[in-house]
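Trainee: Below are the chains, spelled out letter by letter.
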Amino acid sequence: MKTRPIKEWTFFAFLFIGAICAILLPMTVLTYMDYAESGYGVEVEMGDARLGSSGELIFVMSITNPGKLELQATGAEIILMDGSEVPVKVNMLLDIDRKGTEEIQVHIPLSEGGMALVSQGEISYSIEMDVYVPYRDGYTTHRSEGILEVSP
Amino acid sequence: MKDLQESTKNKLDDMGENWDIQDEQLEELKVLKFSSWPWTVLKGALGVVIVTTVYLLYSLAEIPWTLGESIAGMMLFGFVPFFVSFVLGMTFENGKKALAFSLMVGMTSILLLYVILNLPYSMGLFDSHGDGYGTYMWWYILLSFINMISFMPVAAVLASSTNVYE
Numbered sequence: 118m119k120t121r122p123i124k125e126w127t128f129f130a131f132l133f134i135g136a137i138c139a140i141l142l143p144m145t146v147l148t149y150m151d152y153a154e155s156g157y158g159v160e161v162e163m164g165d166a167r168l169g170s171s172g173e174l175i176f177v178m179s180i181t182n183p184g185k186l187e188l189q190a191t192g193a194e195i196i197l198m199d200g201s202e203v204p205v206k207v208n209m210l211l212d213i214d215r216k217g218t219e220e221i222q223v224h225i226p227l228s229e230g231g232m233a234l235v236s237q238g239e240i241s242y243s244i245e246m247d248v249y250v251p252y253r254d255g256y257t258t259h260r261s262e263g264i265l266e267v268s269p
Numbered sequence: 313m314k315d316l317q318e319s320t321k322n323k324l325d326d327m328g329e330n331w332d333i334q335d336e337q338l339e340e341l342k343v344l345k346f347s348s349w350p351w352t353v354l355k356g357a358l359g360v361v362i363v364t365t366v367y368l369l370y371s372l373a374e375i376p377w378t379l380g381e382s383i384a385g386m387m388l389f390g391f392v393p394f395f396v397s398f399v400l401g402m403t404f405e406n407g408k409k410a411l412a413f414s415l416m417v418g419m420t421s422i423l424l425l426y427v428i429l430n431l432p433y434s435m436g437l438f439d440s441h442g443d444g445y446g447t448y449m450w451w452y453i454l455l456s457f458i459n460m461i462s463f464m465p466v467a468a469v470l471a472s473s474t475n476v477y478e
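First to last, the sequence lines map onto chains A and B. Residue numbering for the first sequence is 118 to 269, as defined by our numbering. Residue numbering for the second sequence is 313 to 478, as defined by our numbering.
Okay, chain A solo, but in the shape it has when bound (with noise of 0.2 Å):
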């Protein structure tokens, strides 16, 4: 039997391989680094805000985890840019699952000129959240900002 022509094929498939790993190994090592140093890809969002009956703002934070590794987010600070820029502490311990989203309601009193802010519909924020990786056994910190549009 003639093995030239498989052997030959094997191994440009062996170069055709080697050239798609060559991509994706830096890629994969840079995501994992970045991961630790920021908050292992955990995307938060904030939607559905409101104003509560006693001068406080109420709105659901949503937490992504993108991977297939449990992570737990431990408590968050944010700032909302009101003037006074008095970061607020949110107690949390959210177990949030491979590829999953969890979602918690977090209340925050407003001060006079936050009040203002969003009677205009919209105020901005910034959030630093705690997150915590069993597996890795590492704490790393997830610093995100945006704008919150608040609904009347």
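Derived from the structure by calculation, the hints contain no laboratory data. No incorrect hints appear here.
Cross-link-like lysine-lysine pairs, in silico, DSBU-like; alpha carbons within 30 Å at most:
(1) A:LYS124 with B:LYS408
(2) A:LYS206 with A:LYS216
(3) A:LYS124 with B:LYS409
(4) A:LYS185 with A:LYS216
(5) A:LYS185 with A:LYS206
Covered by chain A, per the in silico footprint, the following chain B stretches (three or more residues, Cβ under 8 Å):
(6) 355–363
(7) 367–377
(8) 393–407
(9) 423–435
(10) 438–446
C-beta: ideal position from N, C-alpha, C; glycine also.
We have chain A; now place chain B onto it with these hints.
Mentor: Here is chain B on its own, set in the frame of chain A:
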């Protein structure tokens, strides 16, 4: 007597022709094996890259394109190192050399896997970490080592044994 001389001459001619064919085949084999040293170095480097990538993707469940915990991923985890080692083994006619070369590539991959898995801790990328981080890392290094030591030598020796005349 003359007949005998004639037939001996013919036989010698045939032999000469056979030598030519054999030389041609040897030359083809050399080209086929891509066994000059630059090719060998390139193959070794690509081998390390491919095997490390597969082991790493199997170990890292947090990456969205991970190979862990899927049937296709497990199959790739098993077959890719075999395939790589098969191609590396085709470089050599001597089975021992093929074995040594593929094991060198395999061990380098395991070492590289350890260095990469350890990067977030050695570079201090986590805010802080406990002592338990080693458990899963070593588990996946052990799995990868068992995979490497089972599949790569077999494939290398198998491939080098196919380097005979067709």
